[in-house]
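Enquirer: Here is what each chain is made of, one letter per residue.
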Amino acid sequence: MDELIYTLKQQIIEALNLEDMKPEDIDENASLFGEGLGLDSIDALELIVLMEKNYGIKLQDPSQGKEIFKSVAVMADFIQKNRTK
Amino acid sequence: MTDPIYITGTGVVSAIGLGKAATLEALLTNRSGVGQLRYLKTEHKEFPVGEVKLTDAEMRERLGIPQDAVTTRTALMGMLALGEALDEARLTPDMLPKVGFISGTTVGGMDMSEQYYLDYLNGDAHKEYISVYDCGSCSEMTAGHFGRFAFATTLATACSSAANAVIQGANMIRCGEADIVVVGGSECITKFHLNGFNSLMILDTEPCRPFDATRHGLNLGEGAAYLVLESAESAKRRGVAPQALLSGYGNACDAYHQTASSPDGEGAYRAMREALALAGLQPSDIDYINAHGTGTPNNDVSESQAMMRLFEGKVPPVSSTKPFTGHTTSASGSIEAVFCILALQHGFLPVNLNWSQPMDDGIVPVAKPEKKTLKHVLCNAFGFGGNDSSLLLSATAGLRDCETRDDLSVERHCGLDPQSSTRRNDIFILSAKQISMQQPLSEEWMDTPIKYDVPFTRSIDPGFKEYVSPIEARRMGRILKRALATSKEALKEAGCDTVDAIMTGTGFGCIENTEFFLDALSNEGEQLLKPTYFMQSTHNTISSLVAIQTKNYNYNATYAHKGISFESALHDAWLQFRLGKIGSAMVGCHDEMTETFYRIMKKGGVMGQDDERCGEVAVSVVLSRHCEERSNPETKPLCRLTGLKMLHLPTMNDLMDAVTTMLQSAERSLADVDYILTGISGNHENDKAYLAETKTLFGDKPLLKYKHLFGENFTASGLGFYVAAQCLKMGYVPAECFVDANLVSDKRPICLLLFNRSDGNDYTMVLLEK
Chain A
4 MDELIYTLKQ QIIEALNLED MKPEDIDENA SLFGEGLGLD SIDALELIVL MEKNYGIKLQ
64 DPSQGKEIFK SVAVMADFIQ KNRTK
Chain B
186 MTDPIYITGT GVVSAIGLGK AATLEALLTN RSGVGQLRYL KTEHKEFPVG EVKLTDAEMR
246 ERLGIPQDAV TTRTALMGML ALGEALDEAR LTPDMLPKVG FISGTTVGGM DMSEQYYLDY
306 LNGDAHKEYI SVYDCGSCSE MTAGHFGRFA FATTLATACS SAANAVIQGA NMIRCGEADI
366 VVVGGSECIT KFHLNGFNSL MILDTEPCRP FDATRHGLNL GEGAAYLVLE SAESAKRRGV
426 APQALLSGYG NACDAYHQTA SSPDGEGAYR AMREALALAG LQPSDIDYIN AHGTGTPNND
486 VSESQAMMRL FEGKVPPVSS TKPFTGHTTS ASGSIEAVFC ILALQHGFLP VNLNWSQPMD
546 DGIVPVAKPE KKTLKHVLCN AFGFGGNDSS LLLSATAGLR DCETRDDLSV ERHCGLDPQS
606 STRRNDIFIL SAKQISMQQP LSEEWMDTPI KYDVPFTRSI DPGFKEYVSP IEARRMGRIL
666 KRALATSKEA LKEAGCDTVD AIMTGTGFGC IENTEFFLDA LSNEGEQLLK PTYFMQSTHN
726 TISSLVAIQT KNYNYNATYA HKGISFESAL HDAWLQFRLG KIGSAMVGCH DEMTETFYRI
786 MKKGGVMGQD DERCGEVAVS VVLSRHCEER SNPETKPLCR LTGLKMLHLP TMNDLMDAVT
846 TMLQSAERSL ADVDYILTGI SGNHENDKAY LAETKTLFGD KPLLKYKHLF GENFTASGLG
906 FYVAAQCLKM GYVPAECFVD ANLVSDKRPI CLLLFNRSDG NDYTMVLLEK
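Chains as they are written, first to last, in the numbering used here: chain A, 4 to 88; chain B, 186 to 955.
This is chain B alone, in the form it adopts within the complex (with noise of 0.2 Å):
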């Protein structure tokens, strides 16, 4: 059992209200913001969706934003739900650089990119706009909103996403790596994936009847919301009630299907198992469970099977209330585990509207409003790919019983021994592996590297046909065959069969097929689209399809954070580790870049400026908290990982505190470290600011660069994990990697520090030894 989570503050947006007293009231009137589609532009007027009642501009004026600055309605409906759940928590703008914030989102920008998709590829014409199309640019802008924030990142596992979002800053906390982090997830309906739904044929055209035995699909919704996590502690200093209490949470891999959930649940049975574990409870303690209830046939069967099987037929009230809202895909977990904590301070059970008939080996859910006092409730997302999450609420009533126990310290939260030596902390890395525009799965780059005088160039593929059979390739894109080269070659290196986690950062996700999805939907209009295209859209692909490929029921996150994804997915491992709960991990960057693609980012001014080169990225780590116990202990591990820090838009002191406290935490010194791996890579201006900031920070160190070999790319900063830690397997940095050829030295590396500054707003500081 662990120490509950206080949740401090809250705020929300959907189709049932803006704000939390709105959302109330429907909820208690059973009031459906589901109806016709207003306001999205697109041909599919049959299908009901749950659209937030404002258009941007009317959400611009609420704001306080101009009319013609760049944003997208992602972005202004967090900032909706964001101001409430900051207001309530009483957190003012100069607190923010001691606070995290985590938010979920898939669409990201494509609100905007489908609109100007053709103007982008053929002049200048809305432009702006290609910088916020990621879905990091999203959270950044939610965030930028109210102030400098100590962290960002973004989570992109689909329909879970905001529900992980919840589960890494809980994390975080226990961690003692924060002691606030606001967390949820914002997403706008998109034509682009109204029609990806659609050509999955999974939207009804009524409103949606989740467990019900006429069934016949979803609606689409769309929404925000936010939860401020807090310790016990700092909420007790600052003198602030908790609504409700985090006190369990689970993520498993469904490892099934890219789209469709196993008839068993076993996914969804793992989350909630492992939920009620963490916070020590039975399944008898639940008193309610917010199921994740689409409505398509294929998901309540299986969630109905994984809560028959846990519960052991004795399931408590069960409801989803995607009747109210429709699917709000990656924010549904965070607006839904408002509902629960509505339901739990006013005693309630939301009803499962449109419901009339039971299904077949299905769960009867509430179908009645009822009064009812509730102590711990389960909130279910889940996503693509088999994403499963569970979030355990809890109501403050219970709260005596931890106040009396001892506050415990940030050593006991974390499972460390504050005794042990930094050694027995370590983290070794088992193998590391590329595929890049160098020879792929080799380090033939150290000594002959390939040379290219060309902007942009696509990886050399290795042959495929060892790691994915035809038949399996024939849904695959480029980007995922090459992250199940990494992976096998990985894990085969690494002599591990299996792991405890699987973290990938992606910027871009599979953007081939998206584009592919795109070109279809801008030139040939909404109708027959293909599916292959859309399922590969989504980020979390990448990760779901390994855990899929390497039956991995575990752990399962991906990152989407522009060139953060790498190191945000790392620290995911690094927390884990830090906690005990995993003993091994894979930790994975993949991203790709077509010819358009590249064009389009050249032009929005992301990358490719100056003399900067553009390519691509497949890394995959092996990490684990032990060396031996392989069935390969031949293989020496190549490095340790002692250090990890992430910053959001700090300044210099900031940057100086994180060097000494990584530092220090490593036990080691600034003298302790021969190299810093930058990521210059000739973008003027950045480089300019590469070399200042390093001068400041580290003094007279000797600087290396790797993006000159590898490209850049969101998630090139892997490839460059991937270059220190096999410098330091091999005992040398290549001539080619020095950034002035003066310094060029045979010293054996020992300690690297990798600097990694993503466009001046997002740095990260990670501390390999040998």
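Next up, chain A with everything else stripped away, as it sits in the complex (with noise of 0.2 Å):
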């Protein structure tokens, strides 16, 4: 799990191109949006392209996306349990 969410902060940090952040920066347990990491819808569309491209994980709305993403530590559970690849 852990190396899931050292991975995860990585591709966070390269999808949303968040310059000058490493991905000891992010706290997993932090909200990614509002008071956290200060994400936004477009944010939100961005992880769902991540989740689809290396894990294999469709979702259809986006509305879906309010729960999975409210950390990096939720998404990857999320991950665990529904990755197809």
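By construction, these hints were calculated from the structure, which means they are not laboratory data. Ideal Cβ placement from N, Cα and C applies to all residues, glycine included. Where hints are given, some of them may not hold.
[Unchecked claim] Lysine-lysine pairs mimicking DSSO-like chemistry, simulated, CA-CA at most 30 Å apart:
#1 A:K69 - B:K230
#2 A:K61 - B:K376
#3 A:K73 - B:K650
#4 A:K25 - B:K238
#5 B:K230 - A:K61
[As the list claims (entries may be wrong)] Partial selection, computed: residues in chain B whose CB lies under 7 Å from chain A:
#6 M386
#7 I656
#8 R659
#9 G710
#10 L713
#11 P716
Two independent chains are provided; combine them into the complex using the hints.
Expert: Structure representation (structure tokens):
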């Protein structure tokens, strides 16, 4: 799980083009949207693309992202359970 | 309250039909044109679309255009609609040299570029289509099919483009710059934006249901529509009866997000409120609203909020006609304006098809056909980045009131005092900032210019941390960061916290992200495309981002018309200053160029020919009616803008007339002009024409150049404006800028005339004085 979290952080940094950020800078339990990293709806769409590309998980409705993208840890847990690749 | 403008002709093409008769029949019988995708070649068959039911070949045949002639679907649809509008207004080719043309499009020639992109990269096949990639080319092809218009430009504010074309045309007429301006927009469906909207997950796989609780996104559509706007005086003189009146309009920026509307619909509210104010009407005077109503969860909440706020709960009948046509994007503003005019003429409320369940906190739209006499209607069109516009159209039945008033003179239209000296009407340039291949945000080039002997160079970027936080920068291409840096520096130097309007010119828009998206589309296919690239591919991303970052809810517009994109934006500001609508403005121009894009443009003969060098452009200029009342009165204005002319395919006589009238209205003569700043660039043919034409127009006036230092690009003339303004401020012209090294002079410049010929099709002249 720790390995997945670390990889996921790297993938998030790359997908969202978070210049100057390292995986260590992201707290996996902090919220990704709002107060935490301060991501928005477009980032959520990028995360959906990320999940499909890397883990074969297809979300049909962007509103599903609300729960899944609560934090890196929650996202990793969801990926663990639903990944097809 | 302002005088209404007559609409003396209209033409329309969309999924519900070719021409107004078919359109009216469809609207009255609730016949939708949305259905399964037939014409566009794409994998995404799952999305219903509103296509115009003709192939390109069939359109060519109807229009008498040879099958092998270079054109685009956007231009072809534009011609179909424009022909009907010109016929209705009884405008013949011989009259067009006195008529303006303003069109809206964002997609431009992308239909061809997405088909041939790999050919452009790898060989010479289809390279003739490279020159019709940009938005301005589509407008010029559309207009050129009918003759020679006096003036042509292109608005590119995404889905409000056509509505903003209407607004700019109306401002030209009110300012007395033209009696007749044909306005509207055209846009075809492309794989590029179908996939782009899909990456934003806002396409519905079912027919769209605006304002319905179950709505799940939009259906893409396509089409074109044009309106002939005419002054009352001209229409009476020609004996042409108006079909409807344009009695008000508003443009505001939501300044909230690049792709989402604010929850309270601030921009939409302001746009509608301004349209009412201009018409001198109350909310209770409005009988119907043709909503933007795309059917996305976000738009319909935001727009409902704006309407409920403006109409204080008493919202008039509303419908979205997008279930008929799909979302026709850049053309929607004029297509739906034509629907409104049909509704005014024939007394009915268009139905909001597919609606059945009310949404929470939303309006309840017109669900059943209804006959109703309409006097005043609003037509909304909103675009990405919060470029929100609203048009107020009125029935001609109310015409008597304004006919009894005296015909107003140009001066009264304009808020100009005819008795005043030119000085009172001057516009001061408070600041001008650039990022280019010279030292950024600096005037070092005047004494120590950097010289390049390579054909193409990217800009020297300053550090951006001061202007953009790292988290904000995550989705910004370089063009956006440069735009923010020059804008913020220009505002700072001008001592302005805010401005009354932001106008931006860009020939190509955010080309780097467009290229990323095209690469992915061509190489990886139509799955898993990044929304970040798509949302930055619209031209108005730049102007709206500046508004979002500076919290500016005011007027916001983007022009994309080849080599006169900058002057088109400047012209917009110029008109609004003269109308008294604004006291300050920030005019910018921004273009980028990648290695790949440079190679493509060179191959297509668009730029980079002969010894011409290409570069990137970022310029921001703050203009103001006043040079006092600033927080930093120490800084003196750089110069004054005292004249501006724009011409399309002019004869030499037209150019001579333009020089004379521009100088006359500035109370100057040619003798007062010290130097002529030209766009001489190293393109042999163009340079030869510059020398010949300036000789005829200005005799032996010394010529200046700047493109050898800054490079060529569609908005390079904005760098010319910057150069001229700095020379006037500093009181000298660098020796490097003289075309003829034997004529180098240290004569202090007082009055500079900027002469720009864009491929010999479009010309602009700008007068700047100390």
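Enquirer: Please go over all the hints and tell whether each is borne out by the structure.
Expert: Each hint tested on the structure:
For the given pair, K69 of chain A sits about 28 Å from K230 of chain B by alpha-carbon distance, which is consistent with the 30 Å threshold. Taken as a hint, the K61 of chain A and K376 of chain B pair is honoured in the structure, with Cα atoms around 21 Å apart against an allowance of 30 Å. Restraint check for K73 of chain A and K650 of chain B: satisfied, since their Cα atoms lie roughly 28 Å apart, inside the 30 Å limit. The straight-line distance between the Cα atoms of K25 of chain A and K238 of chain B is roughly 52 Å, outside the 30 Å bound, and the hint therefore fails.
For the hint pairing K230 of chain B with K61 of chain A, the CA-to-CA distance comes to about 18 Å; that is within 30 Å, so the pair holds. Residue-level restraint check for M386 of chain B holds (minimum Cβ-Cβ distance to chain A is 5 Å; threshold 7 Å). Annotation: I656 of chain B was flagged as interfacial toward chain A, and the flag holds, the nearest CB pair being 6 Å apart, inside 7 Å. Annotation: R659 of chain B was flagged as interfacial toward chain A, and the flag holds, the nearest CB pair being 5 Å apart, inside 7 Å.
At a threshold of 7 Å, the smallest CB-CB gap from G710 of chain B to chain A is about 13 Å, leaving the interface hint violated. The closest approach between the C-beta of L713 of chain B and any C-beta of chain A is roughly 5 Å, which is under the 7 Å cut-off, so the hint is satisfied. The interface hint given for P716 of chain B is met, as the beta carbon of that residue sits about 5 Å from the closest beta carbon of chain A, less than 7 Å.
In summary, the structure is inconsistent with hints 4, 9 from the numbered list given earlier, while agreeing with the others.
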